[in-house]
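Participant: Sequence:
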Amino acid sequence: MNSALSTLLATGLVVFGLVAGPASADEVQVAVAANFTAPMQKIAADFEKDTGHKAVLSFGATGSFYAQIRNGAPFDILLAADAETPARLEQEGLGVPGSRFTYAIGKLVLWSARPGFVDDKGDVLKQSEFRHMAIANPKLAPYGAAAVSALTRLGLLSATQPKFVQGENIAQTYQFIATGNAELGFVALSQVLDKKGKLASGSAWVVPANLHAPIRQDAVILTHGKDKAAAAALLKYLRGDKARAVITSYGYGF
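Taking this note's numbering, I'd label the letters of the sequence shown as residues 6 to 259.
Among the hints, a few may not be true.
Claimed, not checked - Below, a list of computed lysine to any residue pairs in the SDA-like style, where the Cα atoms sit at most 25 Å apart:
1) Lys231 with Ala92
2) Lys203 with Lys144
3) Lys203 with Gly185
4) Lys247 with Asp51
5) Lys203 with Gln180
6) Lys201 with Pro120
7) Lys59 with Pro79
8) Lys54 with Ala214
9) Lys59 with Thr228
10) Lys54 with Lys131
11) Lys126 with Ser69
12) Lys241 with Gly127
13) Lys231 with Pro120
14) Lys247 with Ser69
15) Lys47 with Ala88
16) Lys47 with Lys144
17) Lys144 with Phe106
18) Lys233 with Ala218
19) Lys59 with Pro102
20) Lys200 with Gln180
21) Lys231 with Ala30
22) Lys47 with Ile110
23) Lys201 with Tyr242
24) Lys168 with Ser133
25) Lys54 with Asp246
26) Lys247 with Thr107
27) Lys203 with Ala43
28) Lys47 with Tyr242
29) Lys233 with His58
30) Lys233 with Gly65
31) Lys59 with Ser69
32) Lys126 with Ala164
If you are wondering where the hints come from, they were derived from the structure by calculation, not from laboratory data. Computed from a predicted model, the values in this text were never measured in an experiment.
Take the sequences, apply the hints, and build the full model.
Facilitator: Now the structure itself:
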């Protein structure tokens with residue numbers, strides 16, 4: 006076979022591969038606040054099925070993600086547990102202007118894995134029947150900050166603080182309670198509901214919203230994802246009725 010024919014055949018194979026080969030779906034790297042784990046897993050599955058794009062999810066504390074993004078972590082989107090972090094990233098040139106919006110408003114709950122342990126008014130906080138209370142690091146996790154605010158407004162912070170077992174994020178905080186390492190603690194309402202929106206186990210008190218600042222959870226496209234169609238598509242999808250139905254089913258508001 007002469008070299009010219011070999012070149013033509015090779016070129017033909019390359020062209021064929023470009024035309025007939027399967028197109029790979031776009032991927033978007035998403036940093037997700039730990040409290041939003043369950044709904045985002047469902048939304049990501051629906052998103053891939055409906056659009057062909059794939060959302061690769063990482064879960065953790067908003068404060069930790071902020072530090073990682075500042076240090077160059079290649080996330081395309083941040084779904085934070087607060088509004089301040091996305092706004093700060095935008096101000097610092099690490100978020101795409103105009104992309105930020107509130108995707109959910111979270112609810113704080115005092116929860117115990119033990120049935121009947123937490124009453125429907127939260128009076129258990131005033132008693133000395135527990136040795137350990139789990140709370141997310143208030144410096145990193147907005148739900149932890151909301152818990153401190155609620156205890157402060159109830160006048161119970163000084164009495165309960167010595168009993169704190171601090172989680173790095175809200176997911177670890179939930180594990181402390183679920184495993185019995187803490188008799189009770191503050192987590193996100195979404196973490197203790199089943200797929201039907203009912204309390205999955207244990208006992209709980211939904212903390213009144215007037216005891217802490219609103220837990221407004223904002224999303225923002227980061228500069229790493231500013232030119233990715235999949236990033237824009239995911240934020241659009243989060244605003245849609247299908248995603249919002251999932252978000253609502255986990256106890257969030259808008």
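Participant: Of the numbered hints stated earlier in the document, which are not met by this structure?
Facilitator: 2, 8, 10, 11, 12, 13, 14, 16 and 18
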